[in-house]
Amino acid sequence: MNRKTWGAICMLCLLGLGLTVGCSTKENTNEEQGTSPTSKVPATQTSTPIDPSTVATVSGTVTFGGAAPKPTKIDMSQDAACKGNNMAETVVASDGKLANVFVYVKDGLGDRTFDVPKDSTTIDQKNCQYHPHVLGVMTGQNIEIRNDDDTTHNIHPTPKDNREWNESQPPKAAALEKSFAREEIMLPVKCNQHPWMKMYVNVVKTPFFAITGADGKYEIKGLPPGDYTLAFVHEKLGEQDQKITLAAKDSKTVDQGFKAQ
Amino acid sequence: MLTACATFVLLIAGALVTSNDAGLSVPDWPTSFGSLYKIPQLVGGVKFEHTHRMVAQFVGILTIIMAVWTWRSDRRRWIRYLALGALCTVIAQGILGGLTVLFYLPPAISSAHAALAQTFFCIAVAIAVFTGRRWLEKIPAAEIDSRRPSLTTLGLLSICVLYIQLIAGAMFRHHGLSWWPHVLNAPIVAIVLTWTAIRALLHYAQIEAIRRPAVIMLSLLIAQLCLGFVAFMTRVAWGHDAVQPELPMVISTVAHVAVGALLLATTVVFSIQVRRHVPGSAAKPLRTEDRATVAARAPVSS
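For the protein sequence lines, the chains are B and G, in the order given. Heads up, the final residue of the first sequence is numbered 261 in the working numbering, and it's a clean run with no missing numbers. Heads up, the final residue of the second sequence is numbered 563 in the working numbering, and it's a clean run with no missing numbers.
Derived by calculation from the structure, the hints in this document are not laboratory data. Since this is a predicted model, take the numbers as computed values, not measurements. Check the hints yourself; a few may be wrong.
Here are the simulated lysine to aspartate or glutamate pairs, EDC-like style, with alpha carbons at most 16 Å apart [unchecked claim]: (1) Lys-399(G) <-> Glu-507(G); (2) Lys-249(B) <-> Glu-235(B); (3) Lys-205(B) <-> Glu-183(B); (4) Lys-73(B) <-> Glu-507(G); (5) Lys-243(B) <-> Asp-215(B); (6) Lys-198(B) <-> Glu-235(B); (7) Lys-83(B) <-> Glu-164(B); (8) Lys-205(B) <-> Asp-124(B); (9) Lys-198(B) <-> Asp-289(G); (10) Lys-198(B) <-> Asp-502(G); (11) Lys-106(B) <-> Asp-215(B); (12) Lys-190(B) <-> Glu-398(G); (13) Lys-70(B) <-> Asp-289(G); (14) Lys-190(B) <-> Asp-227(B); (15) Lys-236(B) <-> Asp-289(G); (16) Lys-97(B) <-> Asp-215(B); (17) Lys-198(B) <-> Asp-250(B); (18) Lys-73(B) <-> Asp-289(G); (19) Lys-299(G) <-> Asp-289(G); (20) Lys-299(G) <-> Asp-282(G); (21) Lys-83(B) <-> Asp-111(B).
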């Protein structure tokens, strides 16, 4: 073989390598997508019964100490289809109350298992922002992702413990159905087309979680009596924990304060 | 020259993708939203990512033309292989670009993509130099350099420290490394490049082919240090909490990448010219008859 033939063979090999990697990655992605729904709680696993007559409730208010940071304005000018509220939701504090704090029972439930809710939870892309900004789901719970904008979004979770994926969703496209198999707190989700679009998904194994509203309030119902660690997690301000003891039919108020960093 | 210029534009387009965090706005590769030829609506991050892909395709085509042209028209075997090397590099670069999309921007692959981009730019610039009229028509000065370290060594050392700087910078930009290795290496780069350029200007200023890149090296170095400072302030000091890529950060980081690429390419050109005009004392200077035949060894056409 002369040099020209060798050169041609080398180029074909390189091209082949590129195509092989490209195709195999797509296949892997499809395989993983196929297995994703089965990562829900296995059918053989049964939930631990809780006596409804003894369950307790924990509620409270999450406060923000110090001067609330001035909301940052988002520049949406790079896409004419993006209109609406263009304020960042990194720290939403009003009258000393902090919104978007994920509150959950971090410890104390032992090896109890819980059924995954059959109902989907929803992430809505509207006015080029995610709604809600912070979401709580159970492992394996279905998440319906909708695009209500007249522009294409891409949904790109960047997890530490779950599988990463990145899919685009054109306007009026069918909702995407996704779930996360492993527990993960403050799992970032972003849109690479609109870099200001960020939200956080919190994946836990129990249904005992809540997210504070604009008034900083939260409520977790149906907890069996016991000693628990309650975690309050904010995307920027970090995590704070509290130990609590709940008696049967208790209704306890547990407030938590965050300070400006 | 056209390939080198187009590659510079491509480098800027690539830097814009990274600075605007738009690397995954087109989620598939080698297709874009499932198509190989359709141009998607160029809004948001797609504007940067797809433009980068289109410029890359153009550079790929130019490189193929350049490689075929060089192979057919240039008598010098080594430049034919260099052109073939350029073609292989641009293919590898395309594959790396695809892999980084398919694997969601892993720092190692993205940084390799960034580093190989500037390597390809240097190859394209070198080919432009080797096929340029000045190279073909001008007789090498063949000055003897008996100083230690030799100017050739200093030129190579400059390329090495710049390359380390490039990799550290790329790793930082692609979240694989903290900012401090890049910042820490900056004074080393400044010292080595200044030493090299000053040595060249002090002793070989009469050789235009060396004086010119040495002056450009110094000018670009000063510009690059200033841009590096501004990029650090806009990205690390002021911009770490930004809700989206802000214009001052985008402009300063893209300019820092572009000037960095120009500095590396200029240093490569400088080293090539030093090797040609000021061979080390160990290297055999060109004999008079060799000098006379330089022009005769030139290609059929460039």
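Here is how each hint holds up against the structure:
1. Lys-399(G) <-> Glu-507(G): 48 Å, violated
2. Lys-249(B) <-> Glu-235(B): Given that 16 Å is the threshold and the Cα spacing comes to 32 Å, the pair is violated.
3. Lys-205(B) <-> Glu-183(B): 7 Å, holds
4. Lys-73(B) <-> Glu-507(G): 11 Å, holds
5. Lys-243(B) <-> Asp-215(B): 23 Å, violated
6. Lys-198(B) <-> Glu-235(B): Holds, at roughly 11 Å.
7. Lys-83(B) <-> Glu-164(B): 29 Å, violated
8. Lys-205(B) <-> Asp-124(B): 23 Å, violated
9. Lys-198(B) <-> Asp-289(G): Roughly 21 Å between the alpha carbons, so the hint for Lys-198(B) and Asp-289(G) is violated.
10. Lys-198(B) <-> Asp-502(G): Cα-Cα ~13 Å, so holds.
11. Lys-106(B) <-> Asp-215(B): 23 Å, violated
12. Lys-190(B) <-> Glu-398(G): 56 Å, violated
13. Lys-70(B) <-> Asp-289(G): 38 Å, violated
14. Lys-190(B) <-> Asp-227(B): Violated, because 36 Å separates the two Cα atoms, which is more than 16 Å.
15. Lys-236(B) <-> Asp-289(G): Roughly 31 Å separates the two Cα atoms, so the pair is violated.
16. Lys-97(B) <-> Asp-215(B): 6 Å, holds
17. Lys-198(B) <-> Asp-250(B): Since the Cα atoms of Lys-198(B) and Asp-250(B) sit roughly 37 Å apart, the hinted pair is violated (cutoff 16 Å).
18. Lys-73(B) <-> Asp-289(G): Distance ~31 Å between Lys-73(B) and Asp-289(G) Cα, so the pair is violated.
19. Lys-299(G) <-> Asp-289(G): 13 Å, holds
20. Lys-299(G) <-> Asp-282(G): Roughly 23 Å between the alpha carbons, so the hint for Lys-299(G) and Asp-282(G) is violated.
21. Lys-83(B) <-> Asp-111(B): Cα-Cα ~47 Å, so violated.
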